[in-house]
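K.L.:
Chain by chain, the residues run as shown.
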Amino acid sequence: MAYSEKVLDHYTNPKNVGTLDKAKQNVGTGLVGAPECGDVMRLQIEVDEASGLIKDAKFKTFGCGSAIASSSLATEWLKGKTVDQALTIDNMDIVEELNLPPVKIHCSVLAEDAIKAAINDYRVKNGLPELVLEQKAH
Amino acid sequence: MNNYFELYQIPLSFHPDVAKIKTKFYELSRLYHPDRFTQAAEEERAESLRMAALNNDAYKTLNKPDATMSYILKLHGLLEDEEKYNLPAAFLMEMMDLNELLSEYEADPGNESTRTQVTDTLKDLLGQWEQEVLKLTDKFDTGEQSRDLLLQIKDYYFRKKYLLRIQERIDKFAAR
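Going down the list, the sequences are from chains E and Y. The opening residue of the first sequence carries number -3 in the numbering used here; numbering runs sequentially from there. The opening residue of the second sequence carries number 42 in the numbering used here; numbering runs sequentially from there.
The hints are simulated quantities; they were obtained by calculation from the structure and are not laboratory data. Note that the structure is predicted; figures quoted are calculated from it, not measured. Treat the hints with care, as some may be off.
Cβ pair distances, simulated, as ranges [what the hints assert, rightly or not]:
1) E171(Y) / V99(E): 47 to 55 Å
2) S47(E) / P129(Y): 31 to 39 Å
3) D5(E) / S144(Y): 49 to 57 Å
4) K2(E) / E173(Y): 23 to 31 Å
5) A131(Y) / E1(E): 34 to 42 Å
6) F132(Y) / P97(E): 47 to 55 Å
7) V128(E) / L192(Y): 36 to 44 Å
8) D5(E) / D182(Y): 34 to 42 Å
9) D161(Y) / D5(E): 47 to 55 Å
Backbone N, C-alpha and C define an ideal beta-carbon position, used for all residues, glycine too.
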């Protein structure tokens, strides 16, 4: 299977790889796994307390090219959004942007799950109720 | 015939008798061999083909412990294809850390101690996995066939995937 050019670009030159200090109150950390293939993905957001905007996002993914590209793209999209706007990022937007083939859609679902897990971590840390997330099939 | 175990007339178990499986496989392979059905009616021939395929699938499954595990969980309606299963965060974190350590080694392959640390940790985890799973599956095989027990086994079934994935990374890097 050939990867699309955008996947290759994010894969060979991933944006925002790294770690944010998860102990900080304004940092939300999401850690998710894809049980069928053993991929693990960590995605973090740092929220600017004054403006409520996500000022930084980092990820670390151990998985296939599509999983890395999906999380790389997700962190790009997160920056500059409010936490509520970030919640609206849908995995199918990632599929479309990266031209992921049907067998790799689960990678985009993993990225969406990681975003939501990071947001929930941030919410709980800041006294907001945890959101009940709909389960999407991988 | 409702399942592979019944096909081979053996008790449903996570550790089926390997010798018996082999005997049954050869017996059924002869019984449903296409050569014996060249003159048979269309319907009978189709049925023999179906049974031969079933026999092959049964043999392939029951010969491998992980495949047998998945099969038993599916028989009980507790596992689906492509199921999204959430493992505890602590376990995912452990897998993340081990993957990160492996990346450190890959970036600096001269560092033998990092490699040893990764392989030793993985070996320990796989060893613990075997032990824990053996305890649970023995319980099942000796009669405690509860749903709760099967759900515990299911958790281990998914953990193994992460461990094997790391093993695969190590092997791939070693063979580069």
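K.L.:
Work down the list of hints and note, for each, if the structure agrees.
P.N.:
Outcome of the hint check:
The hint said 47 to 55 Å for the Cβ distance between E171(Y) and V99(E), and at roughly 31 Å that hint is violated. As the Cβ distance of S47(E) to P129(Y) is approximately 35 Å, the hint placing it in 31 to 39 Å holds. At roughly 21 Å, the beta carbons of D5(E) and S144(Y) sit outside the given window of 49 to 57 Å. Checked against the given bound of 23 to 31 Å, the beta carbons of K2(E) and E173(Y), roughly 42 Å apart, lie outside it.
For A131(Y) and E1(E), the Cβ-Cβ distance of about 38 Å falls inside the hinted range of 34 to 42 Å, so the restraint holds. The hinted window of 47 to 55 Å between F132(Y) and P97(E) is violated, with their beta carbons roughly 30 Å apart. Checked against the given bound of 36 to 44 Å, the beta carbons of V128(E) and L192(Y), roughly 22 Å apart, lie outside it. For the pair D5(E) and D182(Y), the supplied restraint of 34 to 42 Å is violated, since their beta-carbon distance comes to about 52 Å.
Checked against the hint of 47 to 55 Å, the C-beta distance between D161(Y) and D5(E) comes to roughly 37 Å, which is inconsistent with it.
Hint check: violations occur at hints 1, 3, 4, 6, 7, 8, 9; the rest are consistent with the structure.
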